[in-house]
Amino acid sequence: MQVFLDIVVWVLLIAGGFFSLTAAVGVLRFPDFYTRLHPAGKNDTLGVLLFCSAMLIETMKYDYGYLVAGRLVLMVLFMLMASPIACHAITQAAYVDGLRPWKKGEPRR
Amino acid sequence: MLRHLILFVVLCGFWAALSGQLDWTVPSQRYLMGCGLVSCALTTLLMWRVGFLEKEGNFVMIALRQPPYLVWLLWQIIISNWDVAVRVWKPKLDVDPSMIKTSYSLKSELAVAIFANSITLTPGTVTVDIDSKNREFLVHQLSSTGEDGLKFMHDKVAKLEGGEAAE
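Chains as they are written, first to last, in the working numbering: chain A, 1 to 109; chain B, 110 to 276.
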């Protein structure tokens with residue numbers, strides 16, 4: 001049982017690392033400001049979500065782990081609300097400022 | 110008034126869950142609990158002054174209907190993340206971005222906020238601008254696939270709000 005839980009934790013951690021790395025690579029590779037926000041806003045959220053679920057499972061090992069688990073759940077809920085709002089705020093600022101979105105076929109900026 | 114009372118109780122519960130130090134007999138913990146009460150009261154007072162809560166719809170009911178929606182949203186987040194990840198790692202860049210407009214018919218501000226956040230979190234779309242006069246969102250999408258998903262999601266949020274799916 002213990003070994004099984006450890007494997008699950010490892011898989012979740014590696015998946016979280018993969019999505020965080022994907023977010024970074026996406027920000028570097030995508031052609032303009034708006035498209036870059038997609039990996040930054042989405043993949044980062046899932047990365048943190050996966051890390052938190054790994055930690056949730058890890059807390060089950062300890063007495064009073066449920067206290068930490070409750071805080072982790074609150075953290076995830078907060079992340080789910082805050083991250084898209086930040087993403088939207090940046091996008092809207094760019095849009096109001098008049099930044100033109102990239103179209104297929106144009107050179108990357 | 111009742112809404113502010115609910116807010117105060119929820120905030121106190123939030124503080125208690127985060128601090129976890131609730132032993133009235135220990136002086137330092139007594140001090141912390143006092144701090145918690147004071148900050149919860151201050152926040153409630155501020156919310157009262159701003160008058161934000163009166164404008165909301167029935168937010169308690171929306172909160173109670175959240176869990177099934179959250180599960181569905183989590184699944185959507187995983188799907189859309191996989192989609193974006195595939196696009197990121199493809200050797201040849203495969204994005205065809207465009208701006209689209211999508212109309213909404215949600216009543217409360219909270220439901221609009223939930224919808225906007227859900228759009229940003231899911232299928233290759235980010236909410237750019239909200240036109241509350243014409244009741245339209247301006248949405249930026251990575252490829253031209255998101256539109257049907259947006260309609261479906263709008264109806265889900267409308268149910269969350271309590272009304273029938275409009276139109």
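Honestly, the hints are just simulated from the structure, not real lab data. Errors might be hidden in some of the hints.
Claimed, not checked - Which bits of chain B does chain A cover? Going by a derived footprint, with three or more residues having C-beta under 8 Å, they are:
{"#": "1", "stretch": "122-128"}
{"#": "2", "stretch": "152-158"}
{"#": "3", "stretch": "190-200"}
{"#": "4", "stretch": "204-214"}
{"#": "5", "stretch": "233-243"}
This one's a predicted model, so the numbers in the text were calculated from it and none came from an experiment. Where is the CB? At the ideal position from N, CA and C, for every residue including glycine.
Okay, the hints, checked on the actual structure:
1. With a threshold of 8 Å between beta carbons, the proposed coverage of the stretch 122-128 of chain B by chain A holds, since 3 of its residues qualify and at least three are required.
2. Counting residues of the stretch 152-158 of chain B whose beta carbon lies closer than 8 Å to any beta carbon of chain A gives 0, which falls short of the minimum of three for the stated coverage.
3. Using a Cβ-Cβ cut-off of 8 Å, 6 residues of the stretch 190-200 of chain B lie near chain A, which meets the minimum of three, so the contact claim holds.
4. For a cut-off of 8 Å, the count of residues in the stretch 204-214 of chain B with a CB near a CB of chain A stands at 5, and the three-residue condition holds.
5. Taking a C-beta to C-beta cut-off of 8 Å, the stretch 233-243 of chain B contributes 5 residues in contact with chain A, enough for the three needed, and the coverage statement holds.
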